[in-house]
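So the chains spell out like this:
There are 2 protein chains.
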Amino acid sequence: MIIDIHGHYTTAPKALEAWRNRQIEGIRNPAQMPRVSELRISDDELSESIESNQLRFMRERGIDLTIFSPRASFMAHHIGDFQVSSAWAAICNELCYRVSRLFPDHFIPAAMLPQSPGVDPATCIPEFVKCVEEYGNVAINLNPDPSGGHWNSPPLSDRHWYPIYEKMVEYDIPAMIHVSTSCNPCFHTTGAHYLNADTTAFMQCLTSDLFKDFPRLRFIVPHGGGAVPYHWGRFRGLAQELKKPLLKDHLLDNVFFDTCVYHQPGIDLLTRVIPARNILFASEMIGAVRGIDPETGHHYDDTKRYIEAAHIDLDQRHQIYETNARRVYPRLDSALKAKGR
Amino acid sequence: MIIDIHGHYTTAPKALEAWRNRQIEGIRNPAQMPRVSELRISDDELSESIESNQLRFMRERGIDLTIFSPRASFMAHHIGDFQVSSAWAAICNELCYRVSRLFPDHFIPAAMLPQSPGVDPATCIPEFVKCVEEYGNVAINLNPDPSGGHWNSPPLSDRHWYPIYEKMVEYDIPAMIHVSTSCNPCFHTTGAHYLNADTTAFMQCLTSDLFKDFPRLRFIVPHGGGAVPYHWGRFRGLAQELKKPLLKDHLLDNVFFDTCVYHQPGIDLLTRVIPARNILFASEMIGAVRGIDPETGHHYDDTKRYIEAAHIDLDQRHQIYETNARRVYPRLDSALKAKGR
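Line by line, the protein sequences are chains A and B.
The first sequence begins at 1 in the working numbering and counts up by one.
The second sequence begins at 1001 in the working numbering and counts up by one.
Quick caveat, the hints were computed from the structure, so don't treat them as lab data.
C-beta: ideal position from N, C-alpha, C; glycine also.
Hints are not guaranteed to be accurate.
From chain B, some residues computed to sit far from chain A (all C-beta separations above 10 Å) [as the list claims (entries may be wrong)]:
#, residue
1, Gln1032
2, Glu1048
3, Arg1236
4, Glu1241
5, Pro1245
6, Gln1264
7, Arg1272
8, Pro1275
9, Asp1293
10, Lys1337
11, Lys1339
Computed from the model, here is a short list of chain A residues facing chain B with C-beta under 10 Å [to be verified]:
#, residue
12, Arg236
13, Leu252
14, Asp268
15, Glu295
16, Gly297
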């Protein structure tokens, strides 16, 4: 079984974006603020948007199941206040939930949180609880920089974030550390901000003792871990300077990397440097890089091809495709087992 | 001949740091502001600090010459105003110049600029001119984020930076794009901010047409290019989405990567993905990662070992060690040729 742990609903019907644009307009002009009930998207529209996009590629590529969350760049936690984020997160999470009900064999949801800059993360708990208890979400996406590129929240090791972590541990649910759109003109969203956030989050974990406080906390660092595996020697050396344990003991029970690296040499490095048990298959399809690589004739984001060609054995490949996901996302495993999978 | 294009004066006598601390104190209390003439470091002290550190390692490792610039993390352009940065840059550049005179066969200087947040980069030109014309500097270090992790300057593609570029082109001098200390608690300086800046700068070049305006402008992206080579497929794909030319045509006449990647798999990826003509040997020694790798028994930053072991041919190795540096830093080449080297 092949599980893609990193898919976003990037292909939602246009009505969603139209509603969001009205909501953003409503921030300046409250009389224009749309009600949630004004957004109407039928099951047929949802099905069509998935069948012709993500599910088509999953079938072509042989991916069985995707952990599916709202479009990352559209989370845009920097827009408006908590109320704005709250309404928006509720809508986006409900759509992913509906997709998971329409295609229960192929999609299982992960939640975005209604984060807002400067607002206590504890305010996200009710949405988190609803998504787990009512919608069957198996993970959350946690944005370490709700400002969208101004990086004015405390590091992930700060107690600021502990209410979220306590709930994650209670539910035994992991978080993918995933920023959203950059509104800082220095940072291109998918070419700089995403990768920077991955590297930043990893280093925040490295310099802290967060996982002593939360031994069961689990983070997925997406996009192949940003710059981390490529600079693994640097990070091992920095941990050594900081008198931290070896990275495998300090972080690798709690930190995992996905395979959203869009060429063979990158995946070869990832699988050479990072233990297979810390690598989870993912493609972030349909996402930032949608084209066909002229050097291979295949989609850049067809990461299964790179895993197939990597110098790893069958057991390692099985860990990356399935076993690790079941271990890191226990509620996914339970949901699959309940269906005899 | 082996040229290390990325060395900083991280081992300067303690008097330098003491003067800087007094200067920082003087920002709040102008009566305490030290005069430049109060800093006294003898040639013997300079020699000792180099002989027992950088030069010792260069001899042990077989590195002939280092392009030597002020300590990157100490540039700290966010501290004080332009006057503070100006006095500090002048002191630091003079020390590197003196080192280059004391060890003319082994060190050639590159300048830091007296950048200051929100100040027109054109104010850096007098120091730049002095360093080239009087001190024989062959390059500059350009900080794309003088705020130290708040990223509130325009991207490198903005006309804001053009006065620097015009002077670089006039002198036919490259810039290493190198941030300094992070004063943003989200970003560890050497584990996140440096690597993020490398990735960010590359992406700023990718999304722009900067090198159409300045076909002769040359940037070195240090630390192996941050996350860029590891995600080369992602960047190729993003360029394609943005309707830019192939990266080799769009950027690789102007952008170069150093080899400050502190383990063999990273260097193997770099040399596999990036053409040899765009890779310049460097170790950033003595720098962020000073320890001995328990997996190899050698210093993490002994990057020559990784280049020696990489799967490249003799010609490619020669390009990385010497030819590329002579081409990218023409004033280095001229200085060497003037000595018959």
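To see whether the hints hold, each was checked on the structure:
1. Gln1032: At about 32 Å from chain A, Gln1032 (chain B) clears the 10 Å cut-off, so the statement holds.
2. Glu1048: holds (24 Å)
3. Arg1236: Check fails; 7 Å does not lie beyond 10 Å.
4. Glu1241: Its Cβ does come within 10 Å of chain A, the nearest being 6 Å, so this is violated.
5. Pro1245: Nearest chain A Cβ is 12 Å from Pro1245 (chain B), so the label holds.
6. Gln1264: Violated, because the least Cβ-Cβ distance between Gln1264 (chain B) and chain A comes to about 8 Å, which does not exceed 10 Å.
7. Arg1272: violated (5 Å)
8. Pro1275: At about 13 Å from chain A, Pro1275 (chain B) clears the 10 Å cut-off, so the statement holds.
9. Asp1293: The assertion about Asp1293 (chain B) is violated, with a minimum of 7 Å to chain A.
10. Lys1337: Non-interface label stands for Lys1337 (chain B): nearest chain A Cβ at 35 Å, farther than 10 Å.
11. Lys1339: Consistent with the label, Lys1339 (chain B) stays out of reach of chain A, its closest Cβ about 35 Å off (over 10 Å).
12. Arg236: This interface hint holds because 7 Å falls under the 10 Å limit.
13. Leu252: violated (15 Å)
14. Asp268: Check passed: Cβ of Asp268 (chain A) comes within 8 Å of chain B, closer than 10 Å.
15. Glu295: holds (8 Å)
16. Gly297: Given a least distance of 13 Å, the restraint on Gly297 (chain A) is violated.
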